[in-house]
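Engineer: Residue strings, one per chain:
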Amino acid sequence: QSALTQPASVSGSPGQSITISCTGTSGDVGDYNLVSWYQQYPDKAPKLMIYGVTNRPSGVSDRFSGSKSGNAASLTISGLQAEDEADYYCSSYSSSSALNWVFGGGTKLTVL
Amino acid sequence: EVQLVESGGGLVQPGRSLRLSCAASGFTFNDYGIHWVRQAPGKGLEWVSGISYSSGTIDYADSVKGRFTISRDNAKNSLYLQMNSLRSEDTALYYCAKDRKTWYNTGLNDALDMWGQGTMVTVSS
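Those protein sequences? They're chains A and B, same order as listed. So the first sequence is numbered by my numbering: it starts at 224 and just counts up by one. So the second sequence is numbered by my numbering: it starts at 8 and just counts up by one.
Treat the hints loosely; a few may be bogus.
Below, simulated BS3-like cross-link-like pairs (lysine-lysine); rule was C-alpha separation at most 30 Å, straight line [stated by the list, open to error]:
| hint | chain 1 | residue 1 | chain 2 | residue 2 |
| --- | --- | --- | --- | --- |
| 1 | A | 331 | B | 108 |
| 2 | B | 108 | A | 291 |
| 3 | A | 270 | B | 72 |
| 4 | B | 72 | A | 267 |
Simulated DEER-style distance windows between Cβ atoms [what the hints assert, rightly or not]:
| hint | chain 1 | residue 1 | chain 2 | residue 2 | range |
| --- | --- | --- | --- | --- | --- |
| 5 | B | 10 | A | 292 | 20 to 26 Å |
| 6 | A | 240 | B | 23 | 47 to 53 Å |
| 7 | B | 81 | A | 237 | 43 to 49 Å |
| 8 | B | 129 | A | 320 | 26 to 32 Å |
| 9 | A | 282 | B | 30 | 20 to 26 Å |
| 10 | A | 237 | B | 74 | 42 to 48 Å |
| 11 | B | 96 | A | 320 | 43 to 49 Å |
| 12 | B | 26 | A | 265 | 39 to 45 Å |
| 13 | A | 320 | B | 20 | 37 to 43 Å |
| 14 | B | 69 | A | 231 | 34 to 40 Å |
| 15 | A | 254 | B | 8 | 33 to 39 Å |
| 16 | B | 18 | A | 286 | 17 to 23 Å |
Derived from the structure by calculation, the hints contain no laboratory data. All values derive from a computational prediction rather than experimental measurement. Don't be surprised by glycine CBs; every beta carbon is placed ideally from N, CA and C.
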């Protein structure tokens, strides 16, 4: 049940685009299109931003997009806004057991 | 409104037990798998345990296997986590979160789409 690998931090200026990577293995990210991304503000619960690699829940801005290539997934935020400053976590279904979900270590996004 | 409300957290000594609850409302509880995910202070998210809609499939992270027991009461729209032999490393905010897909949706569940606000568990002497 190894965690997925994310950069500890990324930053960008308002209006720019940033990408957060999420690296797994063939037992999770690589084998399944079941990657999701969560946004978390301090002292708040996580909020689902992307599911099934590329899909946005209703109400999530289209500035958020997801992709995957091999064992790595990515979250891209375009037109960066101050309100995007938060922690972001990737997650994937893992084949190691029936209901196992594995998370990345989280990435702190700073809007300069 | 879909809502998950956790309760039962608190300060407990190492080796003791605690039972967490998660009350669900606003959706058909017995159609969804539900999970416990925890977050230690200043740390990332860690999946702890999950249970299918019918309790037919249950799973645990290696870090809690043999010490924690997940269960649900669909008649009461409630999820539980019995935590025994608690350790200092179990100190965390415990969230309950629901599957995005129902049991009758095609394919494996692809995300956890609703989370509660969490209940804090502190294990310390």
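Engineer: Does each hint hold? Answer for all of them.
Structural biologist: Now the hints, each set against the structure:
Distance hint between residue 331 (chain A) and residue 108 (chain B) is fulfilled; the C-alpha atoms sit about 28 Å from each other, no more than 30 Å. Taking the CA atoms of residue 108 (chain B) and residue 291 (chain A), the gap is near 21 Å; set against the 30 Å cutoff, the hint holds. The hinted pair formed by residue 270 (chain A) and residue 72 (chain B) meets the criterion: a straight-line CA distance of about 27 Å does not exceed 30 Å. Restraint check for residue 72 (chain B) and residue 267 (chain A): satisfied, since their Cα atoms lie roughly 27 Å apart, inside the 30 Å limit.
At roughly 37 Å, the beta carbons of residue 10 (chain B) and residue 292 (chain A) sit outside the given window of 20 to 26 Å. A beta carbon spacing of about 49 Å between residue 240 (chain A) and residue 23 (chain B) agrees with the range 47 to 53 Å that was offered as a hint. Checked against the hint of 43 to 49 Å, the C-beta distance between residue 81 (chain B) and residue 237 (chain A) comes to roughly 47 Å, which is consistent with it. For the pair residue 129 (chain B) and residue 320 (chain A), the supplied restraint of 26 to 32 Å holds, since their beta-carbon distance comes to about 28 Å.
Separation of residue 282 (chain A) from residue 30 (chain B) is about 24 Å and conforms to the stated range, judged on CB atoms against 20 to 26 Å. Under the hint 42 to 48 Å, the C-beta atoms of residue 237 (chain A) and residue 74 (chain B), about 47 Å apart, fit the expected range. The supplied range of 43 to 49 Å is broken by residue 96 (chain B) and residue 320 (chain A), whose beta-carbon atoms lie about 21 Å from each other. Taking the beta carbon of each, residue 26 (chain B) and residue 265 (chain A) are about 28 Å apart, not inside 39 to 45 Å as hinted.
Range check, residue 320 (chain A) to residue 20 (chain B): Cβ separation about 31 Å, and the 37 to 43 Å hint is violated. Between residue 69 (chain B) and residue 231 (chain A) the Cβ separation comes to about 24 Å, which falls outside the hinted range of 34 to 40 Å. One distance hint, 33 to 39 Å for the beta-carbon pair residue 254 (chain A) and residue 8 (chain B), holds here, with the actual separation near 36 Å. Range check, residue 18 (chain B) to residue 286 (chain A): about 42 Å between beta-carbon atoms, so the 17 to 23 Å window is missed.
In terms of the numbered hints stated before, the structure departs from hints 5, 11, 12, 13, 14 and 16, listed from lowest to highest.
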